[in-house]
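Number of protein chains: 2
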Amino acid sequence: MENKPKLTIVKIGGNVIDSELELKAFLKDFAALSGYKILVHGGGKIATKIAEGLGITPVFHEGRRITDKPMLDVAVMTYAGLINKDITAQLQALQNNALGFTGADGNMILSEKRKNAAVDFGWVGDIVSVNHELVKVLLLQNVVPVFCAITHDGKGQLLNTNADTIAGALAVACSNDFEVNLLYCFEKKGVLSNADDNNSVIKKLTFDTYTQLREEKVIHSGMLPKLENCYDALTKGVSTVYIGSPEMIKQGDTTCTQVSL
Amino acid sequence: MENKPKLTIVKIGGNVIDSELELKAFLKDFAALSGYKILVHGGGKIATKIAEGLGITPVFHEGRRITDKPMLDVAVMTYAGLINKDITAQLQALQNNALGFTGADGNMILSEKRKNAAVDFGWVGDIVSVNHELVKVLLLQNVVPVFCAITHDGKGQLLNTNADTIAGALAVACSNDFEVNLLYCFEKKGVLSNADDNNSVIKKLTFDTYTQLREEKVIHSGMLPKLENCYDALTKGVSTVYIGSPEMIKQGDTTCTQVSL
Numbered sequence: 001m002e003n004k005p006k007l008t009i010v011k012i013g014g015n016v017i018d019s020e021l022e023l024k025a026f027l028k029d030f031a032a033l034s035g036y037k038i039l040v041h042g043g044g045k046i047a048t049k050i051a052e053g054l055g056i057t058p059v060f061h062e063g064r065r066i067t068d069k070p071m072l073d074v075a076v077m078t079y080a081g082l083i084n085k086d087i088t089a090q091l092q093a094l095q096n097n098a099l100g101f102t103g104a105d106g107n108m109i110l111s112e113k114r115k116n117a118a119v120d121f122g123w124v125g126d127i128v129s130v131n132h133e134l135v136k137v138l139l140l141q142n143v144v145p146v147f148c149a150i151t152h153d154g155k156g157q158l159l160n161t162n163a164d165t166i167a168g169a170l171a172v173a174c175s176n177d178f179e180v181n182l183l184y185c186f187e188k189k190g191v192l193s194n195a196d197d198n199n200s201v202i203k204k205l206t207f208d209t210y211t212q213l214r215e216e217k218v219i220h221s222g223m224l225p226k227l228e229n230c231y232d233a234l235t236k237g238v239s240t241v242y243i244g245s246p247e248m249i250k251q252g253d254t255t256c257t258q259v260s261l
Numbered sequence: 001m002e003n004k005p006k007l008t009i010v011k012i013g014g015n016v017i018d019s020e021l022e023l024k025a026f027l028k029d030f031a032a033l034s035g036y037k038i039l040v041h042g043g044g045k046i047a048t049k050i051a052e053g054l055g056i057t058p059v060f061h062e063g064r065r066i067t068d069k070p071m072l073d074v075a076v077m078t079y080a081g082l083i084n085k086d087i088t089a090q091l092q093a094l095q096n097n098a099l100g101f102t103g104a105d106g107n108m109i110l111s112e113k114r115k116n117a118a119v120d121f122g123w124v125g126d127i128v129s130v131n132h133e134l135v136k137v138l139l140l141q142n143v144v145p146v147f148c149a150i151t152h153d154g155k156g157q158l159l160n161t162n163a164d165t166i167a168g169a170l171a172v173a174c175s176n177d178f179e180v181n182l183l184y185c186f187e188k189k190g191v192l193s194n195a196d197d198n199n200s201v202i203k204k205l206t207f208d209t210y211t212q213l214r215e216e217k218v219i220h221s222g223m224l225p226k227l228e229n230c231y232d233a234l235t236k237g238v239s240t241v242y243i244g245s246p247e248m249i250k251q252g253d254t255t256c257t258q259v260s261l
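Protein chains in written order, with UniProt numbering: chain A, 1 to 261; chain B, 1 to 261.
Excised from the complex, chain A in its bound form (with noise of 0.2 Å):
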């Protein structure tokens, strides 16, 4: 058997990166990592802060975020600019050459706007293919990856995109190449079984038993995407996926969810 290379591909969500000290902290810990290493980052309250700053208001259907051109626009400024330029700096501080991506860089991630949904989301990409090739000479280079939840149409248009099924493509594309260990990061310890108690987490969460949580409705709302992500990455090639908070990828935590077949 093939002995692959190590990948480890860490999702972090907004409440690391709406927090200085928390965002500081994570980045020590994810320089530590030793090995090959991408980092996926979702956007945090600070895009809302700046469209309210510039007078955009936010359009929301059924409680879910329309994605109109300002906004569009805010994102790639907020996301692409200002934070992803801020990670990178700080890693490279840190002594790993990170490098910022869209999927428009190095066309990376290539989407298709959404279409067919009952609601039109707006600027919205679902993604159709990711450049691994590319990636892998990167990782080779001893460069460390660092995406933003943006994408590309390949015919000029931005669109934004779910940051945690971005980490899921970008493992399933690399797991031909890579030994792929995929951590997503929030702002839980892990699933929990009773969603009141932090300390509640499920070590090892089966398919089998996700299906009978989620019937229960013990398993319900923000989590069944980013479950439905996990299981994916796992049917297509992933080696491991956890979920848990960003104290999980210092070395020896285990206080996270690891979610298996």
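Just to be clear, a hint being listed does not mean it is correct.
As the list claims (entries may be wrong) - Output of the computed footprint for chain A on chain B, the stretches with three or more beta carbons under 8 Å from beta carbons of chain A:
{"#": "1", "stretch": "52–58"}
{"#": "2", "stretch": "194–205"}
{"#": "3", "stretch": "217–227"}
Said to hold, decoys possible - Sample of chain A residues lacking proximity to chain B, with all beta carbon distances greater than 12 Å (derived):
{"#": "4", "residue": "Lys4"}
{"#": "5", "residue": "Lys6"}
{"#": "6", "residue": "Asn15"}
{"#": "7", "residue": "Ser19"}
{"#": "8", "residue": "Asp29"}
{"#": "9", "residue": "Ala32"}
{"#": "10", "residue": "Lys49"}
{"#": "11", "residue": "Asn84"}
{"#": "12", "residue": "Thr102"}
{"#": "13", "residue": "Asp120"}
{"#": "14", "residue": "Leu213"}
{"#": "15", "residue": "Lys236"}
{"#": "16", "residue": "Thr255"}
No wet-lab data here; the hints were simulated from the structure. The beta carbon of each residue, even a glycine, is placed where N, CA and C say it ideally should be.
Following the hints, complete the assembly by docking chain B onto the known chain A.
Showing chain B alone in chain A's frame:
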């Protein structure tokens, strides 16, 4: 003698970026250029507009802008976010595998905060080094690097850096591995012998002629640092340097100024 591959480095200024149509036309011409190439772009008026929108008041000292922290954030958002990603996505649509960079990305351009100046211009960086090895790896992958006017100090701080200087430093750093042709595009057809006559282009500006015209004050103000960059590049190994309008990148254009030693 070694036969180096050719590399074209094109710098465009704010005037092209401020016009959606001009930028589109330029990018079409740039995309059609054969061989290895790099694009460097300035900022344009969008940053000023966004700063105004956010209620940030620009600070000036004797007509020169001071880059305070809020203005640096706006520069990062606008140059590295909005403009750089728009250009990258447009070039992708033109079948150029563009990849956007600040100096922090891939540690491409390391700079240090300007010091010992009579005035503190704020978060402005002077270039220390260029990661030409990574530039070469990417060019050989047929990637088209697109640089904006942001660098970093290696300690986590992003810095505003003149785009002309970035283009010059890239050209010099790449001239070991490539035969570099450096093209500075600006709002005139070339260096003029009569500032009021756009048709008075000096076809070939030798260093002797430059020195003479500078003493006669025919060449003055903004043209001086631009030409200093040109002669610096030429003395440090860059093969050819041209100054002219964005039109000059079209094949067969002969209206611009060739700067020569």
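Tested hints:
Under the rule that three or more residues need a Cβ within less than 8 Å of chain A, the assignment of the stretch 52–58 of chain B holds, with 3 such residues. Check result for the stretch 194–205 of chain B against chain A: violated, 0 residues qualifying (beta carbon to beta carbon below 8 Å, three or more required). With 0 residues having a Cβ less than 8 Å from any Cβ of chain A, the stretch 217–227 of chain B misses the three-residue criterion, and the hint is violated. Its beta-carbon lying about 22 Å from the closest one in chain B, Lys4 (chain A) satisfies the requirement of being farther than 12 Å from that chain.
Residue-level check passed: Lys6 (chain A) sits 22 Å from the nearest beta carbon of chain B, beyond 12 Å. For Asn15 (chain A), the condition that its CB be more than 12 Å from all CB atoms of chain B holds, with the nearest at approximately 21 Å. The Cβ of Ser19 (chain A) lies farther than 12 Å from every Cβ of chain B, with a closest approach of about 16 Å, so its non-interface assignment holds. The Cβ of Asp29 (chain A) lies farther than 12 Å from every Cβ of chain B, with a closest approach of about 16 Å, so its non-interface assignment holds.
For Ala32 (chain A), the non-interface assignment is confirmed: its Cβ lies about 16 Å from the closest Cβ of chain B, beyond the 12 Å cut-off. The Cβ of Lys49 (chain A) does not lie farther than 12 Å from every Cβ of chain B; its closest approach is about 10 Å, which violates its non-interface assignment. Under the 12 Å C-beta cut-off, the non-interface status given to Asn84 (chain A) relative to chain B is violated; the minimum distance is some 8 Å. Against the 12 Å criterion, Thr102 (chain A) falls within the reach of chain B, whose nearest CB is about 5 Å from its own CB.
Separation of Asp120 (chain A) from chain B is adequate, the least Cβ-Cβ distance of about 21 Å exceeding the 12 Å criterion. No Cβ of chain B approaches the Cβ of Leu213 (chain A) within 12 Å, the least distance being about 40 Å, so the stated non-interface status holds. Against chain B, the non-interface label of Lys236 (chain A) holds: every CB pair exceeds 12 Å, the least being about 25 Å. Distance to chain B confirms Thr255 (chain A) as a non-interface residue, since its nearest Cβ pair spans about 29 Å, more than 12 Å.
Against the hints set out earlier in the document, violations occur for numbers 2, 3, 10, 11, 12.
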